[in-house]
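Taken in sequence, the protein lines are chains U and B. What the first sequence shows, in this note's numbering, is residues 4 to 589, in sequence order. What the second sequence shows, in this note's numbering, is residues 38 to 475, in sequence order.
It is possible that part of the hints are untrue.
[To be verified] Capping the alpha-carbon separation at 25 Å, the derived lysine-lysine pairs in PhoX-like fashion look like this: (1) B:K327 to B:K426; (2) U:K67 to U:K79; (3) B:K194 to U:K113; (4) U:K88 to B:K132; (5) U:K107 to B:K194; (6) B:K426 to U:K130; (7) B:K349 to U:K170; (8) U:K88 to U:K67; (9) B:K284 to B:K426; (10) B:K194 to U:K5; (11) B:K349 to U:K130; (12) U:K130 to U:K107.
Derived from the structure by calculation, the hints contain no laboratory data.
Take a look at the letters that make up each chain.
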Amino acid sequence: MKPSPLYRALCLTAWIAGGFCLLVCAGMLYEHFAAATNDPWKSPQLLALKENLADTPRNEPLQKQIRQLDLEFRQKFRHRLALDKTGAWLLLGGMLVLVLAAGKAAALQKTLPLPQPKTDAGELSVKLASRARWSLAGVGLAVAGSLLIIRLGNSSFLPANQAAWQKLLNQPGADQAPAEVAPSLAEAQANWPRFRGWDGGGVAAPGSAALSWNPTNGAGVLWRSAIPAPGHSSPVVWGGHVFISGGTADRREVFCYNASSGAMLWRRAIENVPGSPPKISDMLEDTGCAAPTMAADGRRVYAIFANGDLAALNFDGSGVWTKYLGPIKNSYGYATSLAVWGNILLIQLDQGETDTAGSKLISLQGASGQVLWERARPVPASWATPIVIEAAGKMQIITLANPWVIAYTLADGNELWRAQLLESEVVPSPVFAGGLVFLLNPGTRLLALRPDGAGDVTKTHVAWSTDENVPDIASPVSNGELVFTVTSMGIVTCFDASDGKKIWGKDLAMEVQASPAIRGGQLFILGENGALVALQAARAFQEIGRSQLPDKFLASPAFAGGHVFLRGVTNLYSLGPADAKLAQQP
Amino acid sequence: MLRRLKFIAALGVMSLLALMLSAEQRFPTPDFDNGYRLPSASTPAARQLWLQYADAGVFLAALGIAVWLIYKKRSRRGLFWLSLFSLAYFGFYRKGCICPIGSPQNIVYGLFNPDYAVPVTVLIFCFAPIVAALFAGRAFCAGVCPQGALQDFVLIKPLAVPLWLEHALSVVPYMFLGAGLIYAGTGTGFVICRYDPFVPLFRLSGSIFILTFGAAFLLAGMFVGRPYCRFLCPYGGLLRLASLASKWRVRVTPDSCTQCRLCEQSCPFGAMREPAPAGTNPDRLGAERKRLAWLLALLPALVLGGAWAGSKLGPAAAQLDPAVALAERYTRQQSFPVQYGLMTPEALSLQRASGNPAEILAAAADLRRRFDLAALLFGGWIGLVIGLKLLALSVRQSRTDFEPDRGACVACARCFTACPNERVRLGWMPAADEPAPP
Numbered sequence: 004m005k006p007s008p009l010y011r012a013l014c015l016t017a018w019i020a021g022g023f024c025l026l027v028c029a030g031m032l033y034e035h036f037a038a039a040t041n042d043p044w045k046s047p048q049l050l051a052l053k054e055n056l057a058d059t060p061r062n063e064p065l066q067k068q069i070r071q072l073d074l075e076f077r078q079k080f081r082h083r084l085a086l087d088k089t090g091a092w093l094l095l096g097g098m099l100v101l102v103l104a105a106g107k108a109a110a111l112q113k114t115l116p117l118p119q120p121k122t123d124a125g126e127l128s129v130k131l132a133s134r135a136r137w138s139l140a141g142v143g144l145a146v147a148g149s150l151l152i153i154r155l156g157n158s159s160f161l162p163a164n165q166a167a168w169q170k171l172l173n174q175p176g177a178d179q180a181p182a183e184v185a186p187s188l189a190e191a192q193a194n195w196p197r198f199r200g201w202d203g204g205g206v207a208a209p210g211s212a213a214l215s216w217n218p219t220n221g222a223g224v225l226w227r228s229a230i231p232a233p234g235h236s237s238p239v240v241w242g243g244h245v246f247i248s249g250g251t252a253d254r255r256e257v258f259c260y261n262a263s264s265g266a267m268l269w270r271r272a273i274e275n276v277p278g279s280p281p282k283i284s285d286m287l288e289d290t291g292c293a294a295p296t297m298a299a300d301g302r303r304v305y306a307i308f309a310n311g312d313l314a315a316l317n318f319d320g321s322g323v324w325t326k327y328l329g330p331i332k333n334s335y336g337y338a339t340s341l342a343v344w345g346n347i348l349l350i351q352l353d354q355g356e357t358d359t360a361g362s363k364l365i366s367l368q369g370a371s372g373q374v375l376w377e378r379a380r381p382v383p384a385s386w387a388t389p390i391v392i393e394a395a396g397k398m399q400i401i402t403l404a405n406p407w408v409i410a411y412t413l414a415d416g417n418e419l420w421r422a423q424l425l426e427s428e429v430v431p432s433p434v435f436a437g438g439l440v441f442l443l444n445p446g447t448r449l450l451a452l453r454p455d456g457a458g459d460v461t462k463t464h465v466a467w468s469t470d471e472n473v474p475d476i477a478s479p480v481s482n483g484e485l486v487f488t489v490t491s492m493g494i495v496t497c498f499d500a501s502d503g504k505k506i507w508g509k510d511l512a513m514e515v516q517a518s519p520a521i522r523g524g525q526l527f528i529l530g531e532n533g534a535l536v537a538l539q540a541a542r543a544f545q546e547i548g549r550s551q552l553p554d555k556f557l558a559s560p561a562f563a564g565g566h567v568f569l570r571g572v573t574n575l576y577s578l579g580p581a582d583a584k585l586a587q588q589p
Numbered sequence: 038m039l040r041r042l043k044f045i046a047a048l049g050v051m052s053l054l055a056l057m058l059s060a061e062q063r064f065p066t067p068d069f070d071n072g073y074r075l076p077s078a079s080t081p082a083a084r085q086l087w088l089q090y091a092d093a094g095v096f097l098a099a100l101g102i103a104v105w106l107i108y109k110k111r112s113r114r115g116l117f118w119l120s121l122f123s124l125a126y127f128g129f130y131r132k133g134c135i136c137p138i139g140s141p142q143n144i145v146y147g148l149f150n151p152d153y154a155v156p157v158t159v160l161i162f163c164f165a166p167i168v169a170a171l172f173a174g175r176a177f178c179a180g181v182c183p184q185g186a187l188q189d190f191v192l193i194k195p196l197a198v199p200l201w202l203e204h205a206l207s208v209v210p211y212m213f214l215g216a217g218l219i220y221a222g223t224g225t226g227f228v229i230c231r232y233d234p235f236v237p238l239f240r241l242s243g244s245i246f247i248l249t250f251g252a253a254f255l256l257a258g259m260f261v262g263r264p265y266c267r268f269l270c271p272y273g274g275l276l277r278l279a280s281l282a283s284k285w286r287v288r289v290t291p292d293s294c295t296q297c298r299l300c301e302q303s304c305p306f307g308a309m310r311e312p313a314p315a316g317t318n319p320d321r322l323g324a325e326r327k328r329l330a331w332l333l334a335l336l337p338a339l340v341l342g343g344a345w346a347g348s349k350l351g352p353a354a355a356q357l358d359p360a361v362a363l364a365e366r367y368t369r370q371q372s373f374p375v376q377y378g379l380m381t382p383e384a385l386s387l388q389r390a391s392g393n394p395a396e397i398l399a400a401a402a403d404l405r406r407r408f409d410l411a412a413l414l415f416g417g418w419i420g421l422v423i424g425l426k427l428l429a430l431s432v433r434q435s436r437t438d439f440e441p442d443r444g445a446c447v448a449c450a451r452c453f454t455a456c457p458n459e460r461v462r463l464g465w466m467p468a469a470d471e472p473a474p475p
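For reference, chain U alone in the conformation it holds in the complex (with noise of 0.2 Å):
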């Protein structure tokens, strides 16, 4: 029989609809697979010209072609989202049109049914029972068999049973992280683990190896490397390993060198932390992000940066934990260091001008990253680096900024005392030596307090105070009997640690910012113009040697096993004898 108008005019819409299907998924398909070739995350192109970046990474017109190229990819991404949608709506529309006229088509043509009575239909039932029992019985096989092999294929190393459940949960430690020996004080002692030295206190712990730099004989270079990335982080030292931060607006990096021969043994991009923009908007130039000095424990180096950026690393490199802890209200940028106390973190994120709703001190675990205790603190931006001192049989976290000097207990945080003594801009950091916290308001005064009080001790436990030559960047340092300060201008002041009487003063004719520090009854002074100082921690002044270095110095001088290392804006330097020979590091 000839087929019906209506039916051929069916098949044809339904062969058009089909064919049209056909196209738009040609044309979708074709979409799809020439813009893997512009998958971002793949092409050769934009992964070289970012690794070339990583080498050169202020180089800006490599920076113009990623941004180009990087904004040709998302336009070409976008189109073809456009692209997407429409099509699969038109697929849409075409595959309504085809199911209906193939529908109708097969209604046209389909015959009309002329069942048959059934005269066996008892027997057939019966038949029909015995089957669908088999088959049943074989659909519960098949399911057993399924759930026999996901019982098969699965492994795991949890407890099998309630019983090794309880094992593995009451054991020692299961209710923390797994256990780890913090670093004993004597391995802290020898290496710096922090902003001036194990105790922040900038004073190298007696007993060190002798100095391979004799400063009476002038200094040499024992090697020098370049430093990759801007920053003003002092070095910390850590079982051979010196690290230092630097990064920019876009790239923040820890770098790793190796004590002895300055060779870089690696650097780290610190990225993708969670919450954290890619780029630090507003940061200063003066300040950059990576002011802040990095804290090691032994086990892991820390670093954080002013955008908030804080990342734990195992001495390889290798990422143990980030967090993003900004962004950070700070006008000048933030600059605190790190403090670290066996293996817990300490940061004091001060930040606000006048609104202090954002200041806190954070106690962190080192290994897991796990926040201990946090306190918030009725202060404003601050940037000095705070203290754990023991003293009062307590272990005391020694936090300045305006006006508040607080004492906090390092195992809960809880406050101890506080003293309202501090003014304006407070940068110096406190020191602890002979029973007393040494502390500047920044131009105005030195102050020497008792930290044995409770509640407000403004008033009670100052035991002394001066305002001779009182610095306003550099930080104090005292060996116990005396204290020595170093103003911006370079006028050296040593005072009796006892009673804050003046003993000596000396204008050493230069400009500093870095801290000073005492190495085996010798001070050492660094000058931004590169010259190293190098005084008698004496009550008589006496000048034992000085020299000089090509480089411009902003960060404090560390001291661990015999050497000196320095961070130059352009070099990290390690100081030795001065008939050294140069080793040079890329």
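Chain U is fixed; fit chain B onto it per the hints.
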């Protein structure tokens, strides 16, 4: 010709779904910025309460109209338009959520997790179709379910599934229901929703697995009537049970059956049951009674055996839970450390676990305890379902006329107009042409 058209249709569906995958691709975050701060991730706000109640109102109205169309109007055309409306509203507009199919999971989750209060609208969506089924059969499936409507729409040339296979596969929805309720009760997730093959079509996005799954069902649905409803839908299983006890039942004809078998031919879902003689062959009576006795004795054995087998599945079933999976990765890392890249999901999850392993392990222990019990119950449930179905298949049912199976019938009304009596009643056919009753 028609075969080629079907091929094209199938190709079109597959391509459509394949291309939807591209919508899943995401672009990397910018390497450079112009000061723009990426907004932090946030959860979309819940639908306004009055709109939720409006949805429930539309749902109840659609359900009522479906019952009216089935029993009062006996209108296939009306049901067709109603199901198209449901497909548009509950499918493409509401994007398949909320829907009754997944709602039992909310109820069970609420029962085992006191922090979660089951919303009233969820209760309405869950229980209204069941209550309707207790009175009027599967009216929800007939005209309100968007999933069913979609499958009905693509059905071009239905092929008959052998009844023995239909019976055997009819237990699968109950197994899926059991699995879905277990994972909901333990708080792992709503697997019935996650593996719904049609919701990604309503949303025009989904994972490759589930889109392929949906495409396969649509492709099969061109030749097999409502494959998802019949062989997988867990809510359909509940409605099937409720319909067995329904007060009213769908009848092919309100008059006497002529046993012309035209209704059997018209049902694309294999729900029509032919007349079965009341008596039985005396020769088989003994064997049938013996089989029934054996199966009755087998029922507790199947339940206990299933429970025992299920009890061995607890650890494997628990692996799907994110908390257990994290504890597993953590303990595995203690024995076989793996160096993951910085900031990879694995490294981040391990970092989270190592921050407080006791909490992670305690949560995993609690979940494993729950899963041990849940898997035992699941195994017993499977044994019970198979045992009861075996019993049902061994009990002879007598029918004098062709009539829809109460549980299997989705009340689509196709058989109504296939019946000569109905056609005469509607005036579509002269009474003289009506076949004589046998």
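Comparing the hints with the structure gives:
no. : hint             : in the structure
1   : B:K327 to B:K426 : holds, 17 Å
2   : U:K67 to U:K79   : holds, 18 Å
3   : B:K194 to U:K113 : holds, 9 Å
4   : U:K88 to B:K132  : holds, 17 Å
5   : U:K107 to B:K194 : holds, 10 Å
6   : B:K426 to U:K130 : holds, 16 Å
7   : B:K349 to U:K170 : holds, 21 Å
8   : U:K88 to U:K67   : violated, 32 Å
9   : B:K284 to B:K426 : holds, 23 Å
10  : B:K194 to U:K5   : holds, 21 Å
11  : B:K349 to U:K130 : violated, 36 Å
12  : U:K130 to U:K107 : violated, 37 Å
This entry does not satisfy hints 8, 11 and 12, going by the numbered hints stated previously.
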